[in-house]
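Q: The task is to assemble the complex, starting from two chains supplied on their own in separate frames and drawing on the hints.
One-letter residues, chain by chain:
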Amino acid sequence: MLELRKDIFADERDDNLKEIGKGTQRQDMLGHVTGTSAYFDDHKLQGMLHLKVLRSAHPHARIRRIDTAEAEHAQGVRRIIRGSDVPRNLNTLLSLINFGKDDEPSLAVDKVRYKGEPIVAVVADSPREAYEAIAKIRVDYEPLTAVFDVEEALRPGAPVVNETYPKNTFTYHERYDHQKLRFGDVERGFAEADHVLEQRYQMSPIEHAPTETNGSIAAPDTNGRYVVYTSTQALFFSLDTCAKILDVPSNTFHFIGGTVGGGFGGKVDTLTEPLAILGAMLTGRPVRYVLGREEEMQYGPPRGAERIYIKDGVRRDGRITARQVRAYFDSGAYTRLSSYAVVKCAAHLPGPYTIPNVYGDIYCVFTNRTPATAMRGFGVTAMDFAIECQMDKLAHLAGIDPMEFRLINAYRDGDMKAHRREAKNTALVECVQVAAEKAKWPLREEFKRMSSRKDGGGSRAEIPPTSREPAASRATPAQQRTSYDRGLSVPTHDQRPVAPPPPAPPPPASSPSHGATRFSSVFGTRRR
Amino acid sequence: MTRHRGRGIASINYPIGMNLGGDPSQALVHSNPSGKFTVALSSIDLGQGMKSVTRQICAETLGVPVEDVYVDTADSDTGPHCMGSFASRGTHRVGNAVMAAAREARGVMMEAAAEELEVNAADLETDGRGNIHVKGAPHRAISTKDVAIAAQFKQGKTISGRGIFLVPLSDVDPETGEMSPATCYAHACMVAEVEVDDETGEVAMVRMDSAYELGRALNPRLVEQQLVGGAWMGVSHALYETPEPYYPNPAHGPRDFVEYLMPGPGDVCPHDIAVLERPAADGPFGAKGPGEMCANPVLPAVANAIFNAVGVRIDDLPITPEKVLRAIKAQGGARPQSRR
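Residue numbers (the working numbering), protein chains in the order written: chain A, 19 to 546; chain B, 2 to 341.
If you're looking for bench data, these hints aren't it; they were derived computationally from the structure.
Treat the hints loosely; a few may be bogus.
[Stated by the list, open to error] Computed list of lysine-lysine pairs in DSSO-like fashion (alpha-carbon distance at most 27 Å, straight line):
#, chain 1, residue 1, chain 2, residue 2
1, B, Lys-37, A, Lys-36
2, B, Lys-37, A, Lys-40
3, B, Lys-136, A, Lys-36
4, A, Lys-24, A, Lys-40
5, B, Lys-158, B, Lys-37
[Claimed, not checked] A few chain A positions that, by computed beta-carbon distances, are all more than 10 Å from chain B:
#, residue
6, Glu-21
7, Gly-39
8, Tyr-149
9, Arg-193
10, Arg-334
11, Thr-385
12, Gly-432
13, Lys-466
14, Asp-473
Bear in mind that the values here come from a model prediction, so they are computed numbers and not experimental data.
For each residue, glycine too, the CB sits at the ideal point set by N, CA and C.
One chain only, chain B, in its complex shape (with noise of 0.2 Å):
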């Protein structure tokens, strides 16, 4: 029995949105009279991070400390229209019409602090920790508090605002598919290192080292758990998962998790990753996003490094240990090819 380390890589880019567009979200901002802020959505929170990214872009774009903010999602009688948490369009997507219904709200807030400080709302900004002052002039201030009391009870002006992004719907040419299908795209590349054994076929990931550009890294940390977990549900599509084990026929089926087998906490393996950042010009921040992609490159770059470790290219997934070791006994042992 022999233990055989291989390397395999690829890399992908990914589509930000639904394909085609046509996709628009919708997003309302308002404030309460402490100077709170309410988003209402009707998008979801998956656990990917809509609540989290969507008021770090809504507080950066009112000017005023995240704990400022609170966002509300997913009922349909308060948030306006949003088409869903798919296609790595939440950021994207959500995160604009956030961004324009956050700037709506910060005009009304900038002009009913000009007011009170009598001067012109173009000479005002914001210091992030809840003030807005005269640019170059910090000691003439107003907090946002006090903003938001004036202009409810005292200048009758609600400040709120609307948001909505679309990117309009592209046809498709029948002949040629000639189409417009996203506005930007996400990059990533991964190489994989695998230990295969010759005598049970069984595949271990030894580590991963991958680098992804996502426009923007709105939260880094939401990032990680997101680049982190895709990654593992490509380990998982790569090696384990299969509803249908003999596909195309249907049978042994699944019923839980004993017989649906993916890794656990034993299987993990390091996984270094670098972020790069080339900003979308349409994208919230520049962002585009995470979501999907993170699991593509894992796929491939497995299936290369079992090439690698010991010669044999499985090209049905999942790669179980039978499929290996077939492969294996069918060209007469391992075949190590040039380690790199």
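Next comes chain A alone, as it looks inside the complex (with noise of 0.2 Å):
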């Protein structure tokens, strides 16, 4: 059950429109329904012949030989393909916009870093004569230590994942192996609260679990063309990969998709247009190469687990003095898109709340896993999950009602983010006030009057004075702790320099302007 509320925000809004905000029928509607919609796998091709991987027996291993010699001559076998038929077997998803560096092949070479990995692509007559020639290839694997959990990555000593990041994590602005986001004073926050609160939390995996699995259809065209049908959520984006991973200009492919089931992010990836391009290159017929559900949920990106810790300052009135976030994206053994995950989680700190101390450092993190990838709610699902569990019990700790505890902290329009940019068109409070009203939770009349667009800027617009580290110091993984007296405080996991650093210069504009932007900027290695 869906009601508008109209009535909230009318003076910022024309309702005078003739098309929006009507319930129109999809346009698509009478094809899903009828079955009609054309998909990617909907189109079968005369001589299709059907592409299918070997993938690694080990999360970790040096490989010593591949042997495809039987599997050459096996029953409907066309090509055998290894890595080195792929014109450049090395390329990240974010090099097309310059960001981070080449870390992943399209078929491993010397070492597979998960269970799973692609090692050689077989393209046969039938699935099952793929699957049987790909069952005659022997792999002599030199099985090597493998880690799984993000801590046990950053340690000294600790198997290298990837060895375009020896440190195991990926590189920020050239010099850090995190993210931060440094505003305000959080000791100083700390020491100002009646309650400290430090909570670890974890997210778990998560597969898309799209009705679809991954999938292309590529076929040789006319004029030294091909045509690629496909399930990708980024038509160009997934074009441009294959052609730098094909070697070839973008021109060369026309793809064609736009009718998919379901993604949610899964479909980022360009997972199966690069292995079905090249098979139709060297064979000269149309290709297929589709996920099947077990590969879809084994191998098929996921979204990535995160383990977050918050330690929180709070006063006995409701307001939070200081939040300080250290978190792990689980990127697994490649980069794909979670170093840019970390950059928008920070972003996100310290969730919609105005807090005038904050602190965060946000790592991506190599393990021997499937490589993670996009999932809705990107950098931010796991990071909100931590935070409202903490406001929960940040309010227990208060002996405030939850509802009332968010309103106490709800950002407004005028306050100063985190990120330093001035907070604009919010609408925490309403949501809060109308979510109570729906589920008849009892709001005190003040907190019932309260607004988006009263009270907020002033002071709670100004940029605190902020520290400046000299140097990066990785953070100690800490124990789980909880202190829920000031008096039972025990330091920090963070060993920062005792004595307080200069304050920064003042920021460089005296009036926030949310949006102001420095164009052809550089970010990390993303240029444009």
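A: Below, the structure written as structure tokens:
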């Protein structure tokens, strides 16, 4: 049941539109309900071959030798593809926006870094014949010690997962192993608090579980081009990735997609297109490469796990004085898109609340598991879980109703956010009020009268003096610890200097300007 | 055995579009000789309704009925570049590109109509039903079909438009994290009510009440589809799903939907939703986007409701019956918190 609350923010909106705001039936409804909408796999082409991959049996191993002799002569086999057949067998997805280093092969050559990593592709007349040939391939592995825990991966002497990033962390700004967020002085904030609470949260990996699994069909077209039917969520992103890996001009390809059976972030990685096209190039025949459900669940990239530590200070009156966050994104064996989510996560801190002192260190960590990728709420979902569970605990500690606790701390128009832009167009207060009303959750009158448009700004618009650290020092992993009373306060996990560094120079712009951007900017290795 | 009820809340915001911007989308709009319009995109419809919402945006901007617009998605030979369907960017980024293209096409259409009616284009308006007429004089009108015929066969004009929308890329300060991550944010608050069985550790959803602020609900039925479906994805994340049940141990991964659990029809509960609209300055008709954020408040709201019901905090997802039961045992039985 959905109710449109047109009464709220009515003065900011015209409601004189003709087509906008109507519950018009979907343009593609008839096709969907009659089963006639065409998806990528509805293109069965004459002479179409099927591609399947041999996947690593180990999470971490050196490949000594790959023997495909028997498979090459197996029934129905048209072509065996190995890493040396891939024109540019090293890529990272965000190289298209110049962010990060090429770190992932299409087909593993000398080492496998996660169980299920593709090593050899077989193109055959039928999926069954492809699988039967794969069973005849022999790989001589030298198993290596694997690391699966993000904090273990950061310890000295941990196995190196991915030689491109020998410290098992993505590199930010060409110098740091994490993305920082610094706003005010959290130590001062903890000193001003009546309660300090530090907690550990763990987000699970999640399978996207789309109805339609990842896949594509590539076919030679006229005039030296290739047509590619694909389930991608990002047509040109996939097209340009293929052009890079296969080392051909982008107009070699005619990508067709656009009607996809669910994505949720799991169809951005261009998993199948490069090999399908390469198969078509090498055989001159249409080639179909589709993940089965088990492959999709085991080796299709999941939402990555995240481990999050939050330490908060809160006063008896319910105001949060400081929030310190350390989070580890489990990227799996390769970067894919996790490096991006880390920065988005830093920008999201400290959640939709105005907190005068905020400190964040967010890491993108490599482990020997299936590479993680984007999923609905990328970079934010796990952090929201951690922050909102923490908010509930803080309200409990301070003895304040959890709804009212959120209203006390909610950000409002004119407040300064921790990433140093002014909050505008906020509506958290109203959402809490309306949800309370719907749930018949009693709010006191003063809380019902609050507004996102009132009482923000002023001192809340200021950027507090923020200490700049001379160099990054890696925080040692902390045990889960809860300090309900400041008297029992234990030292923080982060060994920063005791003497406060000199305050930072004032921010360049005295008045905050939301959306102020510097063009042609450099962010890490991302250049435009 | 006792079943304990509890309520939990969570409130969130969510950035619209790719973090830091720098993620353009383009659109092309053109008319055929009958005054019917095609929108060419390379954007993807994942089932979320990309075709439908851009169709409504195009129709509204052109001033023609939605039936006169057809959206063609995701052909790299005909659709201009789009970054992709992710990061809650479809409505905001692609919507704005379509709006810009439709505005340019409308300009040509009004000029062509003005020439036919022998008036100034500034004096014309569309009626949204397929006609263009002089403001205040509805009888001095011409149909969009007649305008299209005249433009193409008599005046030699192409009723078409190009659009692009780009939020310029922001940089990030390495030391402080200063950045411009997004131009607008959606908001939500969720109240979840659960029932926890203290003998089995099972958690059942009882009801959800929520408020979502989305800028403008361009199509309330598509919004409802996202919010209802997204909330259940949130429940599923909170209580059911994991490909690694003993993470970080990677063993026992699922191979199919028998082993990978999700809520089924029998687990569904009522969900009462309010939608608020505080228009974004740079959104198409003020719209932000409901796509990703609708799942986010559900995970913590469910966890907090479980605490309210039986007094245990499960900070590791998913909150399986095993974890609930172990936690209840560890504290010596269920400890229901104050009912609220």
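Q: When you look at the beta carbon of Arg-193/A, is every beta carbon of chain B farther off than 10 Å?
A: violated, 7 Å
Q: Mind checking the alpha carbons of Lys-158/B and Lys-37/B for me, to see if they're no more than 27 Å apart?
A: Given that 27 Å is the threshold and the Cα spacing comes to 15 Å, the pair holds.
Q: Are Lys-136/B and Lys-36/A close enough, with their CA atoms no more than 27 Å apart?
A: This hinted pair holds, its Cα atoms lying about 17 Å apart.
Q: In terms of Cβ atoms, is chain B entirely out of 10 Å range of Tyr-149/A?
A: Nearest chain B Cβ is 15 Å from Tyr-149/A, so the label holds.
Q: Is the nearest Cβ of chain B still more than 10 Å from the Cβ of Arg-334/A?
A: Check passes; 19 Å lies beyond 10 Å.
Q: Holds or violated: Lys-37/B and Lys-40/A, Cα atoms, limit 27 Å.
A: holds, 20 Å
Q: Just want to verify: Thr-385/A was marked as not at the interface with chain B; is every Cβ pair farther apart than 10 Å?
A: At about 7 Å from chain B, Thr-385/A fails to clear the 10 Å cut-off, so the statement is violated.
Q: Determine whether the non-interface label on Gly-39/A survives the test: each CB of chain B must be over 10 Å from its CB.
A: Answer for Gly-39/A: violated, closest chain B Cβ roughly 7 Å.
Q: For Gly-432/A, is the shortest CB-to-CB distance to chain B above 10 Å, so the non-interface label stands?
A: Gly-432/A clear of chain B: closest Cβ-Cβ about 15 Å, beyond 10 Å.
Q: Verify the proposed pairing of Lys-24/A with Lys-40/A, using a straight-line Cα cut of 27 Å.
A: holds, 14 Å
Q: In terms of Cβ atoms, is chain B entirely out of 10 Å range of Asp-473/A?
A: Nearest chain B Cβ is 17 Å from Asp-473/A, so the label holds.
Q: Hey, is Glu-21/A genuinely clear of chain B, shortest beta carbon separation above 10 Å?
A: Contrary to the label, Glu-21/A does not stay out of reach of chain B, its closest Cβ about 5 Å off (not over 10 Å).
Of the numbered hints stated above, those contradicted by the structure are hints 6, 7, 9, 11, listed in ascending order.
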